[in-house]
Amino acid sequence: MNPLRYLPCLVLLLAAAPGLAQVDAFTFENDEQQQRFRTLSNEFRCPMCQNANLTGSTGGVAEDLRREIHRMILAGNTDAEIEQFMFERYGDFIFYLPRLRADTVLLWFGPLLFLLLGGYIGWRIYRQASGNQQAATNVGLDPAEQERLRRLLDDD
Amino acid sequence: MKKFTSYAPIAAFFVLAIVLWRGLYLDPTELPSVLIDKPMPTFVMATLEGEPVGNADLPDSIFLLNVWGSYCLPCLVEHPTFMRLSEEGEFPVVGVNYRDRQPLALDWLDLNGDPFAYSILDQDGRFGIDLGVYGAPETFLVDSEGVIRYRHVGVLEENVWREVFLPAIAELRGVPAAPASR
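Chains A and B supply the protein sequences, listed in that same order.
Going by the numbering used here, the residue at position 83 of the first sequence is 83; the numbering climbs one at a time, nothing skipped.
Going by the numbering used here, the residue at position 130 of the second sequence is 1130; the numbering climbs one at a time, nothing skipped.
In case anyone wonders, no lab produced these hints; they're calculated from the structure.
Treat each hint with caution, since some may be false.
Said to hold, decoys possible - Partial selection, computed: residues in chain B whose CB lies under 10 Å from chain A:
(1) Arg-1022
(2) Gly-1023
(3) Ser-1033
(4) Lys-1038
(5) Pro-1039
(6) Val-1133
As the list claims (entries may be wrong) - Once the Cα atoms are required to be at most 20 Å apart in a straight line, the calculated SDA-like pairs of lysine to any residue come out as:
(7) B:Lys-1038 - B:Phe-1165
(8) B:Lys-1038 - A:Gln-84
(9) B:Lys-1038 - A:Gly-91
(10) B:Lys-1038 - A:Arg-127
In this text, a Cβ means the ideal position worked out from N, Cα and C, and glycines have one as well.
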């Protein structure tokens, strides 16, 4: 039996996959609005299914929020206004990129802090190690003593 | 200096261990509500029975706002708590029928009993967005001024009522909270 006879089925199945994606029948006045809708839905995080953005989520609240974004775009609201709307209701959680504020500074710059700290510790260890090496090679012999040492070693 | 570098790994280990140990007991699904200490959002809606309802119709005592739906199994689990509260009558319970279908919701109340003073019909979840709701069940504790004081996400079991809500209510009333008994 030829396994290749299943190939057309497989191809058709794969071709149908995009049909399973979340598609809302939202209509826009122009491409720019549609682009903004896409960008915003990608930026906001779904409150219900926490590791998906609004675009990727099938959750009920994500559906409602997409509809709300659509409504606000058509009503002429700016992106900043839509972001503020979401923030007032769902807080920082809704943003994949949290806003820069006093209490989110650590979140933003914590990794940099750790990098600097790690770099500093690494540098200290490196310096100490190279210091020890220098101390080991320089044990305080004057030229005459060094000459004698070399002669003793060369005797063998 | 020698001392610092030799103790640093052990110190780092303990700091990391404490941080990760704490992380084991955090619940990342627990989202703080932004609406705590903010007034109830303004609404002009209808009840499940079709009566108009707005902010002026809210109870002027401390009350509970419970987000529910007939599709929501956990809501059935917490239902007896609200039935008891409504029988005792001290704290009115206002429902928000969230993303449901009206006939199904009415059937659900007929079948299981209706603990709500009334239920606000929020078929498309728009009011839920204003409340920062992300799924039923959720329960808000609202004070007599109409200010949201606490939000509980998930099933409101009797022990949650005893250990979280009663102390919060006592605090609202200016009475020092009684230690929670288990």
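Each hint, compared with the structure:
For B:Arg-1022, the interface hint is violated, the least distance from its beta-carbon to any beta-carbon of chain A being 16 Å, above 10 Å. A cut of 10 Å between beta carbons decides the hint on B:Gly-1023: the least distance to chain A is about 15 Å, and the hint is violated. Satisfaction of the interface hint for B:Ser-1033 is found here, the shortest Cβ-Cβ separation to chain A being roughly 8 Å, below the 10 Å cut-off. Interface hint status for B:Lys-1038: upheld, as the beta-carbon distance to the closest one in chain A is roughly 9 Å, under 10 Å.
Taking 10 Å as the C-beta contact cut-off toward chain A, the hint placing B:Pro-1039 at the interface is violated, the least distance being around 13 Å. Among the interface hints, the one on B:Val-1133 holds; its C-beta lies about 7 Å from the nearest C-beta in chain A, closer than the 10 Å criterion. As the CA atoms of B:Lys-1038 and B:Phe-1165 are separated by approximately 18 Å, the hinted pair is consistent with the 20 Å bound. Among the hinted pairs, B:Lys-1038 with A:Gln-84 is consistent with the structure: their alpha-carbon atoms are about 16 Å apart, no more than 20 Å.
Between B:Lys-1038 and A:Gly-91, the direct Cα distance comes to roughly 13 Å. Compliance with the 20 Å bound is thereby established for this hinted pair. With a C-alpha separation of about 56 Å, the suggested pairing of B:Lys-1038 with A:Arg-127 is violated against the 20 Å cut-off.
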